[in-house]
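One letter stands for each residue in the lines below.
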Amino acid sequence: MLRLLQTLNRIALIKAIIAALAVVILVFLGSRNLQNFDAALIAYLLGTVFAVFGIAYRYSVWLQRPPTRLYWKRSMQFLFSRDFPFYLLRSVKLFFQNILFQRFIYHRSRTRWIGHFLLATGCLIAFAVTIPLTLGWIHFEFKPGNDTIYFAKVFGFEAGSFELGSFIAFMAFHALVWCSLLVTIGAVMMMKRRLTDGGLIATQTFEGDWLPLVLLIAISITGLGISYDYTFLQGKTYQFMAVTHAVTVILFLVWIPFGKFFHIFQRLAQLGANLYRHEGKKHGMAVCPHTHEEFATQLHVNDLKQVTKELGFDFTLKDGSNHLDLSPEGKRAALAKAHFEVRKNAGAFFG
Amino acid sequence: MQNPQYNQQMEFFIDMQRCIGCHACEMACAECETNGQESMIHIHYVERAVSVQTTVQVCMHCEDPVCANVCPADAITKDDFGVVHTANTSRCIGCSNCVLACPFGVPKKEEKAELMMKCNMCYDRTSAGKKPMCATVCPSQALFYGTREEIEKLRPNSTPVSKFLFGQEEVNTKVNIMMPKGSTELRIHP
Numbered sequence: 001m002l003r004l005l006q007t008l009n010r011i012a013l014i015k016a017i018i019a020a021l022a023v024v025i026l027v028f029l030g031s032r033n034l035q036n037f038d039a040a041l042i043a044y045l046l047g048t049v050f051a052v053f054g055i056a057y058r059y060s061v062w063l064q065r066p067p068t069r070l071y072w073k074r075s076m077q078f079l080f081s082r083d084f085p086f087y088l089l090r091s092v093k094l095f096f097q098n099i100l101f102q103r104f105i106y107h108r109s110r111t112r113w114i115g116h117f118l119l120a121t122g123c124l125i126a127f128a129v130t131i132p133l134t135l136g137w138i139h140f141e142f143k144p145g146n147d148t149i150y151f152a153k154v155f156g157f158e159a160g161s162f163e164l165g166s167f168i169a170f171m172a173f174h175a176l177v178w179c180s181l182l183v184t185i186g187a188v189m190m191m192k193r194r195l196t197d198g199g200l201i202a203t204q205t206f207e208g209d210w211l212p213l214v215l216l217i218a219i220s221i222t223g224l225g226i227s228y229d230y231t232f233l234q235g236k237t238y239q240f241m242a243v244t245h246a247v248t249v250i251l252f253l254v255w256i257p258f259g260k261f262f263h264i265f266q267r268l269a270q271l272g273a274n275l276y277r278h279e280g281k282k283h284g285m286a287v288c289p290h291t292h293e294e295f296a297t298q299l300h301v302n303d304l305k306q307v308t309k310e311l312g313f314d315f316t317l318k319d320g321s322n323h324l325d326l327s328p329e330g331k332r333a334a335l336a337k338a339h340f341e342v343r344k345n346a347g348a349f350f351g
Numbered sequence: 001m002q003n004p005q006y007n008q009q010m011e012f013f014i015d016m017q018r019c020i021g022c023h024a025c026e027m028a029c030a031e032c033e034t035n036g037q038e039s040m041i042h043i044h045y046v047e048r049a050v051s052v053q054t055t056v057q058v059c060m061h062c063e064d065p066v067c068a069n070v071c072p073a074d075a076i077t078k079d080d081f082g083v084v085h086t087a088n089t090s091r092c093i094g095c096s097n098c099v100l101a102c103p104f105g106v107p108k109k110e111e112k113a114e115l116m117m118k119c120n121m122c123y124d125r126t127s128a129g130k131k132p133m134c135a136t137v138c139p140s141q142a143l144f145y146g147t148r149e150e151i152e153k154l155r156p157n158s159t160p161v162s163k164f165l166f167g168q169e170e171v172n173t174k175v176n177i178m179m180p181k182g183s184t185e186l187r188i189h190p
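Top to bottom, those sequences are chains A and B.
Positions 1 to 351 (our numbering) are the ones given, in order, by the first sequence.
Positions 1 to 190 (our numbering) are the ones given, in order, by the second sequence.
Worth flagging that the hints you see were computed from the coordinates, not collected in a lab.
Some clues are possibly wrong.
Simulated coverage check for chain B against chain A, where a stretch passes if three residues somewhere in it have a Cβ under 8 Å from a Cβ of chain A [as the list claims (entries may be wrong)]:
no., segment
1, 12-23
2, 54-67
3, 122-135
Please read all numbers here as calculations on a predicted model, not as lab measurements.
Cβ atoms here follow ideal geometry from the backbone N, Cα and C, with glycine treated the same way.
Could you build all of it, start to finish, from the sequences and the hints given here?
Written as structure tokens, this is what we have:
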């Protein structure tokens, strides 16, 4: 156990503890000293705190890698520059475009985008509903002296009301049902791809690609089971439905930092990469000495020379220039020319 | 991705001087299912203004892949067979670090999809004991996939080399380039 603790990354561990403690403090604040905390959700709360700890730990370790650290540093530098309003707006736009609508997946395949969008939208809405409920940040109460008006309280403050039996009430109380349907349809579409696409069949793994889909469907089906139970079975199977749902959700929460679901948090780096490209263009483009054409931003080429050195690669040439100054086509041509020269000097091009 | 049918006796041998620029490999590459029907092989003139020389380039599958090292999203991995796989689609953030850092100029960036793609030696085929698409169609055997014995018999005056020098950096690869007999390395910038 001691040996395991010694292998942990100290900086990441400190950040993860701070993040987990921050969540616990926010639970006390948001639920007004646990007044509004739903004790039935305690297992979910523990799973969420562990997930926050794990995500913060992995994120911190991930940010310590030289290329990631560079992107993080540059993104923050550009975002908090004098162009802050511009980059903030751009980040918000990209957040909608790439995170909420995942437009880039549409260009990979339309069907895949539909599947992923349904699945991701279901998950994101479910997170938005369940996390505040689990942490005690939102709860519902009857309006004093009225048993038909329900009002929502956020952090103990009133934030809107609706009448029981109304359309809004129906939609709100069944929000997770709609999410389950979206996730199930999306996950089945993604499974179909994995059963029929030869390339995916060759490269996929059970734990990396199938388990996340199976887990999402299990969460959705057991969640629908709870609704089915109180709607049609008068709560006779509540215990079973509630326990199986809790088990699948907690497995999901605990697994987020280790498995495929971590990509939800990694994807944010795409916004940074976009800002980096945009800002880089302002500083000028790199021109390949072979093709004499622009191929990347000079900032990117210079940063990569630095990052590769940090990683133990040194592509500096005798004349002080660098192999990385060449564009991809220039590099391929350099290899072909070197090969040609060796063959020529040997006196035979073939052999 | 562990496949017992992957034949580790089979190797990839390239001889760019044998490339006739026919583009058959490019068409065949697009048939590879792991690429999603996108051609990943590079074939082009080396210096069209002064020569008709063409070159062909597949991923060299480096022992210590620079592309994977510079990837900020941990999207590129090397498996137990030494195959460096194309970017994991859920992780790749389309930053182009790998495109610019690969010393062989191999990875391609699909701009709209914000995704890096590259040759993974037709993993759908090689993991089932078959040859990569490009090597099956190359008419001049600039691209050859077979055993070391086969290539020695076929090219008695050449030696497969998998050590490349870029300035001070030594890069060792899984894929070989055919060089004059007795060669041990290829220095790119002499």
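Outcome of the hint check:
1. 12-23: holds (count 4)
2. 54-67: Holds: 3 residues of the segment 54-67 of chain B have a Cβ under 8 Å from chain A.
3. 122-135: holds (count 4)
Every hint, counting from the list given before, is met by this structure.
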